[in-house]
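Undergrad: Based on the sequences and whatever the hints tell you, model everything.
One-letter residues, chain by chain:
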Amino acid sequence: MNATKDDIEKFDAYLEGNQTAEEKLLFESALLNNPELNDSFELHRALVNGIVEERETHLRSILKEQRSATFIGSNTWSKKFTMVAAAIMLLGISVLFISYLKKTDSINTLAKNKVEETNDDYNEAEISTDSNSINSSDATPAMGSKDELNIDEETREITQGNEAEDHSLFFDEADVQPSISLAPKRLDDISESNKYENKEKATSSSVSKDDFRLLETESISADKLLKSANTAVRFIDTSAKQMDIVIVESASRKKDKASSEYGKSGADVSDSSALARQRADVKKSNFPAQINITYFKSPLNYKGYSFVNNKISVYGLKDTTSILYTFGEQLYLKNAGIIYHIKPSPVFTDYIVIKEKAIIERLK
Amino acid sequence: MWLWYQKSDTEVIDLIRQGDEEVLKVLYRQNYSMVRKYVIENKGTLQDVDDLLQDGIIALWKNVSKREFRLEAKLSTYFFAITKNLWLKQLRKVKKMDVTDTHKMAANNAVDNNTIHKIDLKIIKNLLSELGETCHSILALFYFDGLDNQSIAERLDFSNTDVVKAKKYQCLKKLKVLFYQKYSKEDFLS
Chain A
1 MNATKDDIEK
11 FDAYLEGNQT
21 AEEKLLFESA
31 LLNNPELNDS
41 FELHRALVNG
51 IVEERETHLR
61 SILKEQRSAT
71 FIGSNTWSKK
81 FTMVAAAIML
91 LGISVLFISY
101 LKKTDSINTL
111 AKNKVEETND
121 DYNEAEISTD
131 SNSINSSDAT
141 PAMGSKDELN
151 IDEETREITQ
161 GNEAEDHSLF
171 FDEADVQPSI
181 SLAPKRLDDI
191 SESNKYENKE
201 KATSSSVSKD
211 DFRLLETESI
221 SADKLLKSAN
231 TAVRFIDTSA
241 KQMDIVIVES
251 ASRKKDKASS
261 EYGKSGADVS
271 DSSALARQRA
281 DVKKSNFPAQ
291 INITYFKSPL
301 NYKGYSFVNN
311 KISVYGLKDT
321 TSILYTFGEQ
331 LYLKNAGIIY
341 HIKPSPVFTD
351 YIVIKEKAII
361 ERLK
Chain B
1 MWLWYQKSDT
11 EVIDLIRQGD
21 EEVLKVLYRQ
31 NYSMVRKYVI
41 ENKGTLQDVD
51 DLLQDGIIAL
61 WKNVSKREFR
71 LEAKLSTYFF
81 AITKNLWLKQ
91 LRKVKKMDVT
101 DTHKMAANNA
111 VDNNTIHKID
121 LKIIKNLLSE
131 LGETCHSILA
141 LFYFDGLDNQ
151 SIAERLDFSN
161 TDVVKAKKYQ
171 CLKKLKVLFY
181 QKYSKEDFLS
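Same order as they appear, the protein sequences are chains A and B. Residues 1 to 364 (the working numbering) make up the first sequence, in order. Residues 1 to 190 (the working numbering) make up the second sequence, in order.
Since the hints were made in silico from the structure, they are not lab data. The reader is advised that the hints may include incorrect statements.
Stretches of chain B that chain A covers, calculated by requiring three or more beta carbons in the stretch to come under 8 Å of a beta carbon on chain A [claimed, not checked]:
#, stretch
1, 20-28
2, 127-140
3, 174-185
Below, computed lysine-lysine pairings styled on DSSO-like, alpha-carbon distance capped at 27 Å [to be verified]:
#, chain 1, residue 1, chain 2, residue 2
4, A, Lys64, B, Lys174
5, B, Lys122, B, Lys173
6, A, Lys318, A, Lys364
7, A, Lys5, B, Lys165
8, A, Lys64, B, Lys93
9, B, Lys173, A, Lys5
10, A, Lys5, B, Lys176
11, A, Lys303, A, Lys357
12, A, Lys5, B, Lys174
Values in this document were obtained by computation on a predicted structure and should not be read as measured data. C-beta: ideal position from N, C-alpha, C; glycine also.
TA: What follows is the structure in structure tokens.
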């Protein structure tokens, strides 16, 4: 059956719900009574449903295109962003790692170089000290300075049997430390020290010494500089007897003095002191004539030192005035009455307090 | 690009009424964030966001296409109201389904299956392609977009509504003929 225009209008009105209740009842009864009309209506309804579905599918396909573009776009963007962020992070980590490796290498290289330099310096000092000692020993008996004469007089007194006054063997402390000078405190040191103080506050008391050493090695300037002083090294002849211990000024000091000693009489110099001086000069020293001691305030009550390239950095010592001795090819530092054994060490290390009576007796 | 992306409400309405389907993409982009936020905050998923956006835009398309449509607020506000209603309706439906007895559901499904008469989408696509562009447009505008004859006449440049009525009748008649040439009653009375 071919539906007429009127039939189609009724079909549409029924489907859209635009009929009155009465029209609807009449239409439904017509459908029940007329199978052909019913078939026509069912086909119409199926076609209309198909048209709507086809149209909706078409529009949804356009929206799906946009959805894909939105999601793919955002995904692509996020992927790109993630990749860029990951690349930046990787680069940053690599740079940090490389800089860390370089720093570690440079520290190791520096430490090695410093140890080598220290050894070289010792060798050079050995040669120069040797030659200077010989020269000065030649000059001193005939042309000793006033100070030298006093020393020799004191030495002579001891060699004459005054064993009880061993302390008079040494120079006055002010005399043996002529070039003490306070190093100017740099601004960056101050700022660094402030930083360090903050670190110190944040650091618990459980910080190990190893940690501290690493910290110190990397940021030596972070500590509070108390004082920096060039200190003459006193040489003690191990071959001399207790009675004959001779304290010899540093080679450089002697060299300086030697020029001013010409023209002065050496008649007052005793034979025994000359003999002792000769003995002392024969003995070689592996250490330089003067060593710079830098005193730092210890941030964590850690006591220790480093000794590199004629420089000793000390932490936690009570006094900022020390005396250095070489004795038996070893370097000793006396501070506030305590004697420490100082070994070349590019990293900060603990003090070794000398308890051997024989050494203490010798260095008294 | 930005100017193209951002369109005023009037522009969007005009484009919908001209049948410019590209404006659907603009609506999707412009309202995605808002709908996403709302759906996600209300127990929805990203898939729900997409479904709701599509349903909302199609509803908006149909409503705006109608002659009697008057925009009394911002288009985005109107669109949000549509999507919100659709979402609440869906939530209610889900909640209702949760408490419905399974036997009742099975019975309802059986009834629905018997009452829904539908032609396969592939068949209808083939038929409409054979029908021609004008017929396809008239039928789509009338049955899907819900345009009245006057609107269809204006949209498709017909002289008056009688022409539209006549054309629509001819197109339907032709469509039924095409259907019976290839298919039978059993293809839609399943």
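Undergrad: Decide if the proposed pair is consistent with the structure: lysine 64 of chain A and lysine 93 of chain B, CA atoms, cutoff 27 Å inclusive.
TA: 25 Å, holds
Undergrad: Lysine 303 of chain A and lysine 357 of chain A were given as a pair; does the straight-line alpha-carbon distance stay at or below 27 Å?
TA: 23 Å, holds
Undergrad: Lysine 173 of chain B and lysine 5 of chain A were given as a pair; does the straight-line alpha-carbon distance stay at or below 27 Å?
TA: 10 Å, holds
Undergrad: According to a criterion of three or more residues whose C-beta lies within less than 8 Å of a C-beta of chain A, is the stretch 174-185 of chain B covered?
TA: Three-residue rule met by the stretch 174-185 of chain B, so holds; n is 4.
Undergrad: Take a quick look at whether lysine 122 of chain B and lysine 173 of chain B sit within 27 Å of each other, Cα to Cα.
TA: Holds, at about 20 Å.
Undergrad: Within a Cα-Cα threshold of 27 Å, do lysine 5 of chain A and lysine 174 of chain B meet the stated pairing?
TA: It holds: about 13 Å lies between the C-alpha atoms, which stays within 27 Å.
Undergrad: Taking only the CA atoms, is the gap from lysine 64 of chain A to lysine 174 of chain B under or equal to 27 Å?
TA: 32 Å, violated
Undergrad: Within the assertion that chain A covers the stretch 127-140 of chain B, do at least three residues meet a Cβ-to-Cβ distance smaller than 8 Å?
TA: holds (count 4)
Undergrad: Quickly compare the C-alpha distance for lysine 5 of chain A and lysine 176 of chain B to 27 Å and report which way the hint goes.
TA: Status holds; Cα separation ~14 Å.
Undergrad: Between the stretch 20-28 of chain B and chain A, see if three or more residues pass the 8 Å beta-carbon test, and mark the coverage as holds or violated.
TA: Holds: 5 residues of the stretch 20-28 of chain B have a Cβ under 8 Å from chain A.
Undergrad: Hey, lysine 5 of chain A versus lysine 165 of chain B, does the alpha-carbon distance stay inside 27 Å?
TA: 9 Å, holds
Undergrad: Would the hint linking lysine 318 of chain A and lysine 364 of chain A be met if the CA-CA limit is 27 Å?
TA: Roughly 19 Å between the alpha carbons, so the hint for lysine 318 of chain A and lysine 364 of chain A holds.
The structure fails to meet hint 4 from the earlier list, while all remaining hints are met.
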